[in-house]
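Protein chains in written order, with the numbering used here: chain A, 1 to 182; chain B, 1 to 316.
These aren't lab readings, by the way, just hints derived from the structure by calculation. In this text, a Cβ means the ideal position worked out from N, Cα and C, and glycines have one as well. Fair warning: there could be bad hints in the mix.
Claimed, not checked - Residues of chain A placed beyond 12 Å of chain B at every Cβ, according to the derived structure:
no., residue
1, His-45
2, Gly-52
3, Gly-58
4, Gln-134
5, Met-144
6, Gly-156
Unchecked claim - Chain A stretches covered by chain B per the calculated footprint, using a threshold of three residues with CB under 8 Å from any CB of chain B:
no., segment
7, 70–80
8, 110–122
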Amino acid sequence: MLPSIGRRRIVAAAILVLAACLSLVLVTALRSDGHGSSRYALLDHRAPALSGQSLDGGRVDLASMRGDVVLVNIWASWCAPCRQELPLIQRTQTRWAHAGVKVVTINTRDGASLARDFLKRMNATDLVTVNDPQGRLAVSWGAMGVPETFVVDRRGFVRARRIGPVTTGWLQRELSRWTRAT
Amino acid sequence: MDASHVTGGVPARARRAWPLFVVAVALVAIGIVLYVGRGAPPSLAEQVNQIGQGLKCPTCQALSVAQSDSPIAVSMRSEIRQQLQHGRSPDQIRSWFVARYGPQVLTDPSSHPIQLAFWIVPVAVLAVGIVAIVLLGRRRPPDDSRRPGVAVSGLTPMRLAAVAVVLAVSGSAVGLLAWHRDAPASAATSRPASTTPSMTAGDWVAVAESSEHQNDYAAAAHAYRTALRMLPHNSQLRTRLAFVLVRAGQPNAAIKVITPLADQAGPQQAEAVLVLGLAQRADDLPAYRQTLTRFLRMAGDNPAAPAVRKLLRGGQ
């Protein structure tokens, strides 16, 4: 039989090993690194720059929209879910304007003429749309693909992100929340 | 004068310096060899590829930004190229992407400092604990028969183990808090829709057409190729792919793509023969004259026929 000193040493060593393994498992299991469920890196950070020429030749700058809640939507004419979602984005612009919500869309990796034709067909030419032919603007927002939508609060911080088509419920929830916030 | 420090006419100090001199010469020689043999600096494309290999495509499974043809990966490569042209270093570029996509965008996350902490904490706790146990054993006074297992400082192994558990758990908690940076309740990221990862062939054709409109024929070729993988028997797709490959300056690849279709009787054959002829001409192959003549015989009333006749007459 081992002396009590040796037994205690073995027990202490075993507890140390167990603690190290548990902490390793804890860290590995709770850390999320799947791209489907990972936290958006820019959430609650100041929104990236969004400025450039709009499809109708005007100038757009997100920084000039402080004081408004801004819905930023990324889309492309070749994206089928974008085509389905666009009418809802357009209705959002109309319905929430009185609450101080602005809508800016980013047309990414698309031909400008294709995008204009598409907006015309959808009767959505009043949507403010920034041209992003190489997709670098979308990447600067950490976009995973299209469509993707962000909510920027009145102070210019990104407060929500939706991958995939938005729903009426999501828009209602997020825009209500951030139009009420100061 | 004491001559004992001189041997064979060489001063003792000089003899002691010989090994240092040899080492210095060897180091200089190695330095010269390394400098000369380092090769030409990598091109911009190579640098883009190298950085792209270190970034994961956000919407692809197990593909790097360098490997993926998805629109987002193509855009990320454009961004890398732009930043390199503006003089940013690879580390700065990687940090830029980490700021937007999180450390998980790196294919080698252990290269990011915060990731190392997750591995160091448990290992460090274990190492400290083992060292402490060993030291405790050494410190134990010889006459420990009356108070076995009690070190001079009063720390028993059991108490030490308990402290180690607390340290390991609290260290991991600190690491996790630093990782997440905020309470989970404020996160508003929804489950991803299966949009980009499940793009249809039609979506890829639309991407290709859009790229053609932008005169980005390389991107159009990528997109048509992806669509063709999904619909391998689609002759129109094959013809379009070959055509944009010619426009993208890849006539040899275009010839490989279109030749099977040009030899196959069918409604697309005339167009395939036309594209084959254009690809052969772009590749400086004399066979182009015979191919384009064959096209004119098959489809003399095709809208492209007048331009082809002019080409054969040497007008272009």
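Quiz item: In ascending order, which of the hints set out earlier in this document are inconsistent with the structure?
Solution: Those not satisfied are hints 1, 4 and 5.
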